[in-house]
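Asker: Given next are the chains, with one letter for each unit.
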Amino acid sequence: MLQMVTDNTRRTLLKVALFGAAMPILPFGCASMAASKPALIGCALNGRDRYSVVVADQQGKAIRQLPLPSRGHGIAINATRGHAVAFARRPGTYFMVFDFHSGEVVQLRRAAGHRHYYGHGVYSNDGELLFVTEGERSTSRGIIGVYDVTNHYEKVAEFTGFGLGPHEVIAMPDGKLVIGVGGVHTDGRTPLNLNSMQPSLSYLSATGELIEQQTLLDNRLSIRHLAHDGDNTVLCGQQYRGQPEEYPSLLAMHQAGGQLTPLEAEPEQWARFNHYIASIAASKDWILATSPPGNCYGIWSKQSGKLVELASLPDASGVVARQGVFSISSGAGSVVTQSQPGDKSSIFTSIPWDNHWSAIS
Amino acid sequence: MKARIVTALAVAALAGCQSNSTVELVPQQTKHISQGVYLVEFSFAQHFSQQADLLEKVVGDYCQTGENLEAVALHWHHSMESWMALQGQERGPQTALEQSWNVQFWPDKKNTTGRKMSALLRQSNPNWRAEDIATQSVTVQGLGALEWLIYDSASDFKTNRNTCQLGLAISENLANNANTIARAWQTNPWLELSEKDWDSEYIALLSNQLDYSMKKLSRPLAKVGKPRAYFAESWRSGTSMLNLRQNIAALELLYLADGRGLDARLRQLDKASLADRITEQFQLTLNTWPMDHSLFELLQSKEGYRTVLAQFNKLERLNYLIHEEVAIELGVVIGFNATDGD
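Chains as they are written, first to last, in this note's numbering: chain A, 1 to 361; chain B, 1001 to 1342.
Please keep in mind that the hints were generated in silico from the structure rather than gathered at the bench. Just so you know, even glycine gets a beta-carbon here, dropped at the ideal spot from N, CA and C.
Ranges between beta-carbon positions, derived for each pair: (1) B:R1228 - A:S124: 47 to 55 angstroms; (2) A:A79 - B:K1215: 37 to 45 angstroms; (3) A:E154 - B:A1310: 56 to 64 angstroms; (4) A:E136 - B:T1030: 53 to 61 angstroms; (5) B:T1095 - A:T207: 49 to 57 angstroms; (6) A:L192 - B:N1313: 27 to 35 angstroms.
Simulated pairs of lysine-lysine, DSSO-like, Cα-Cα distance not exceeding 30 angstroms: (7) A:K306 - B:K1110; (8) A:K306 - B:K1109; (9) A:K176 - A:K306; (10) B:K1196 - A:K61; (11) B:K1109 - B:K1302; (12) A:K61 - B:K1031.
If you want the footprint, here are the derived chain A segments under chain B, 3+ residues with CB under 8 angstroms: (13) 40-52; (14) 264-272; (15) 303-314; (16) 342-352.
Chain A on its own, in the form it takes in the complex (with noise of 0.2 angstroms):
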């Protein structure tokens, strides 16, 4: 049986290294097209078993889409080059980079045998080299892909020595790397180490080496999201392992050298999250997160990093900041805008975006 999901995967993956080169991309709305400049990139579902990488403009209105093998997760964009990268859902078997303008397929590259990707990775600051969360099959021994951007995406170096199971990593403007290492040795999806997980917020150099390491209280917080405010905090948001009862803080900012200082909300407003963050973005006075089983996000004060709006969103899934405005996408295929609490619009965009949202800048 495993025999046969393999191969057809390597059929789907043949298929969409063919199709997604030679074909033109199939625009979601021709009348607009013209006018619409690519700004947000996301995963969607097209149906059942049928995923894609859509690319829309600055409302989330799609430009193109690409199909995806298999179900996608996180975005890498590349303004300089224009390329993008679409990250296979962990335990994932490819990432394929594509031209966001053009749409074509640049390389579709997948997994070694023993390996697979965690669903995110990051440009370099300077465009020139890809960061990937990788990991080992048989141990959920978490690695760090580095790809040469210049040279058709070779893999050049391997980071390792922070812990198991990788998510999401991101890169600070100094050049830093910080990870969100979930600490969870799976089996696939299924969960093997649930007692003695070692989650982090590990700070590789640009090198490779690992340069800081802070750890919450409680070890069964799986710290997995990141997003940066532009400057040096980082934001981790968490899924919560434990007791269903318990309703732990799901966010955490963080200072190189510092504490992680959990954000507060009261435990009955933290059960609405459902124990799971899915995406985060920080504006300069705000930090917005969403949870996809809560239906719903919320907005942190920086400053007093108290929460103060708890809205419902079916489905809410990926968001970011540019120029200070939140833009949060649902799987229920709404997009709501958003510059602070209180102040939002909606436009319904009939895509069913998946986890994660990233802007070209």
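Since the structure of chain A is already known, use the hints to place chain B on it.
Answerer: Leaving out everything else, chain B in the frame of chain A:
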């Protein structure tokens, strides 16, 4: 046609016939494919608002006269029953969805409601107003807080005027929120959706509410032999099983939508067999629903546990039919982030 009449009667029955002080709201008239479901939702929301108004009135009367606590309990229960039609909703007007959390906080295994209500009472504020309550924790804003006041042994609702005033403020806040929900449903929120988008939205709507009902059983059932009865929704009043029956009855109404719902859509698509299996499963579930009102009590014995488990299995079958078979037939995926995020 028969289904249409039966459904119309059932909506009326569920909506009740009591008089009320609520301004009669008017549903939007459209020809959109969602209109049948929208009208059912509208009537649910209107009914909940009416019941919350009545509850506020009887609490006010009780605080003035100190008489007829039974009426307070009865109208609390009616409000709770009418809320079951909207409970667990994740699709609909944004303004209505925003209020759900304020109407009811569940699950509350750690007795957050009791602790926060006790803390409020320690403030000994004799002049609680609805506006004060609206700024407090959701645990003291809605139906659960009122249940605590009426039924919990730590509550002095029956003997303390200040506590009664707090109850009145909470019931007024609940009525305000229920009214906000009813007003939000004056507009059909789905008019922008194409037929395909509506299929997804509708099935997600049913699925979310069914999923919530199943959680109301699975959380207290916990592991076989080790139930966690305090997860039961209305353990203080002993009415969790009654609530659940209302959940399923309301879900059936949404499924039929007066002949314009999923049942009709499946039959149009030549899927009568699947539609029959779903209606039969609804009927089987409702017809065999236990007479016992209290889930908390049922979970105290092995036999009771088995009874509850049997009902849970019936809901699981219903969930399979809607979440899997219908979704596959219509080619939709439901809340794929919400149910299977990363």
